[in-house]
Amino acid sequence: ETGVTQTPRHLVMGMTNKKSLKCEQHLGHNAMYWYKQSAKKPLELMFVYSLEERVENNSVPSRFSPECPNSSHLFLHLHTLQPEDSALYLCASSRNTGGAAFFGQGTRLTVV
Amino acid sequence: AQSVAQPEDQVNVAEGNPLTVKCTYSVSGNPYLFWYVQYPNRGLQFLLKYITGDNLVKGSYGFEAEFNKSQTSFHLKKPSALVSDSALYFCAVRGMDSSYKLIFGSGTRLLVRP
Chain A
1 ETGVTQTPRH
11 LVMGMTNKKS
21 LKCEQHLGHN
31 AMYWYKQSAK
41 KPLELMFVYS
51 LEERVENNSV
61 PSRFSPECPN
71 SSHLFLHLHT
81 LQPEDSALYL
91 CASSRNTGGA
101 AFFGQGTRLT
111 VV
Chain B
1 AQSVAQPEDQ
11 VNVAEGNPLT
21 VKCTYSVSGN
31 PYLFWYVQYP
41 NRGLQFLLKY
51 ITGDNLVKGS
61 YGFEAEFNKS
71 QTSFHLKKPS
81 ALVSDSALYF
91 CAVRGMDSSY
101 KLIFGSGTRL
111 LVRP
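Read top to bottom, the protein sequences are chains A and B. Heads up: the first sequence at position 87 corresponds to 87 in our numbering, and the numbers run straight through without jumps. Heads up: the second sequence at position 96 corresponds to 96 in our numbering, and the numbers run straight through without jumps.
Keep in mind that the hints were calculated from the coordinates and are not lab data. Each residue gets a CB set at the ideal place from its N, CA and C atoms; glycine is no exception. Treat the hints with care, as some may be off.
Claimed, not checked - Some, not all, of what chain A presents toward chain B, calculated at C-beta under 10 Å:
1) Val55
2) Ser59
3) Arg63
4) Gly99
5) Ala101
Said to hold, decoys possible - A few chain B residues that don't get close to chain A, going by computed Cβ distances all over 12 Å:
6) Gly16
7) Asn68
8) Ser73
9) Pro79
10) Ser86
11) Lys101
12) Leu102
Stated by the list, open to error - With a straight-line cut-off of 16 Å between C-alpha atoms, the simulated EDC-like cross-links for lysine to aspartate or glutamate are:
13) B:Lys49 x B:Glu66
14) B:Lys69 x B:Asp54
15) A:Lys19 x A:Glu67
16) A:Lys41 x A:Glu67
17) B:Lys22 x B:Glu8
18) B:Lys22 x B:Glu66
19) B:Lys101 x A:Glu44
20) A:Lys40 x B:Asp54
21) B:Lys101 x A:Glu56
22) A:Lys19 x A:Asp85
23) B:Lys101 x A:Glu53
24) A:Lys22 x A:Glu67
25) B:Lys77 x B:Glu8
26) A:Lys40 x A:Asp85
27) A:Lys41 x B:Glu15
28) A:Lys41 x B:Glu8
29) A:Lys18 x A:Asp85
30) A:Lys40 x B:Glu8
31) A:Lys40 x A:Glu84
32) B:Lys22 x B:Glu64
33) A:Lys18 x A:Glu67
Starting from the given sequences, assemble the full structure and let the hints guide the process.
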């Protein structure tokens, strides 16, 4: 266990559905991240939150909407996704500058 | 801009032999460098990091990595490979001027033959 928990582990959703991914960390970290991992592509940084404020948004489509209500929780709200959005979505957290990021197990998302 | 290159898609090694997984980086200023391992259908597991100090960094499961500033490299090594080391390995870099942006390489699949 890394101290970062993601739910659900697997999600199948239709293109018209709305769902949310949840991430929770118990490490006392002050930064949280969403990454997307697709087959045969490098990990893509999607969003970074530091002290509950978004500090990075790497041109992610608006059908992905992050929410960070406090330093321990991070959500990724999904709506009207496309089949190419099917991937492993990884949450991570870290302490401040120089700290290693610790990852959750990921949510395997399939859009049908 | 920060970037990380892992030039080998796959590395094959026999059990008991030494292994090396290569990584080079580009970042402005001094880098923070990391290695992670990923087993099938799992998240990334932290192995080791270089922040400052000794160029040879020791990490989990007998892995180590050598920071070489002149060659901008941070290769992962292990003196004697195990079959259970077979996994996907990622190198990552964070520049000192972009505290929270951790950029990953494309990954190298390590296959250790019995």
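A quick look at each hint next to the structure:
1. Val55: holds, 6 Å
2. Ser59: Hint on A:Ser59: violated, closest Cβ of chain B at ~14 Å, above 10 Å.
3. Arg63: Hint on A:Arg63: violated, closest Cβ of chain B at ~23 Å, above 10 Å.
4. Gly99: holds, 9 Å
5. Ala101: holds, 5 Å
6. Gly16: holds, 29 Å
7. Asn68: With a cut-off of 12 Å, B:Asn68 remains clear of chain A, as the shortest Cβ separation is near 19 Å.
8. Ser73: holds, 18 Å
9. Pro79: Correct as stated: the minimum Cβ-Cβ distance to chain A is 23 Å, above 12 Å.
10. Ser86: holds, 18 Å
11. Lys101: The assertion about B:Lys101 is violated, with a minimum of 6 Å to chain A.
12. Leu102: violated, 5 Å
13. B:Lys49 x B:Glu66: holds, 10 Å
14. B:Lys69 x B:Asp54: holds, 12 Å
15. A:Lys19 x A:Glu67: Answer holds: A:Lys19 to A:Glu67 is near 13 Å, not above 16 Å.
16. A:Lys41 x A:Glu67: Violated, because 25 Å separates the two Cα atoms, which is more than 16 Å.
17. B:Lys22 x B:Glu8: The given pair, whose Cα atoms are some 7 Å apart, holds under the 16 Å limit.
18. B:Lys22 x B:Glu66: Holds, because 10 Å separates the two Cα atoms, which is no more than 16 Å.
19. B:Lys101 x A:Glu44: holds, 11 Å
20. A:Lys40 x B:Asp54: violated, 34 Å
21. B:Lys101 x A:Glu56: holds, 8 Å
22. A:Lys19 x A:Asp85: Distance ~13 Å between A:Lys19 and A:Asp85 Cα, so the pair holds.
23. B:Lys101 x A:Glu53: This hinted pair holds, its Cα atoms lying about 14 Å apart.
24. A:Lys22 x A:Glu67: OK: A:Lys22 and A:Glu67 at ~10 Å, within 16 Å.
25. B:Lys77 x B:Glu8: holds, 14 Å
26. A:Lys40 x A:Asp85: Holds, because 14 Å separates the two Cα atoms, which is no more than 16 Å.
27. A:Lys41 x B:Glu15: Roughly 28 Å between the alpha carbons, so the hint for A:Lys41 and B:Glu15 is violated.
28. A:Lys41 x B:Glu8: Holds - the C-alpha atoms of B:Glu8 and A:Lys41 are around 14 Å apart, at most 16 Å.
29. A:Lys18 x A:Asp85: With Cα atoms ~14 Å apart, A:Lys18 and A:Asp85 stay inside 16 Å; holds.
30. A:Lys40 x B:Glu8: holds, 13 Å
31. A:Lys40 x A:Glu84: Given pair A:Lys40, A:Glu84 holds - Cα atoms ~13 Å apart, limit 16 Å.
32. B:Lys22 x B:Glu64: Satisfied, since the Cα-Cα distance of roughly 12 Å is no more than 16 Å.
33. A:Lys18 x A:Glu67: Given that 16 Å is the threshold and the Cα spacing comes to 15 Å, the pair holds.
Checked against the numbered hints listed earlier, the structure breaks hints 2, 3, 11, 12, 16, 20, 27; every other hint is satisfied.
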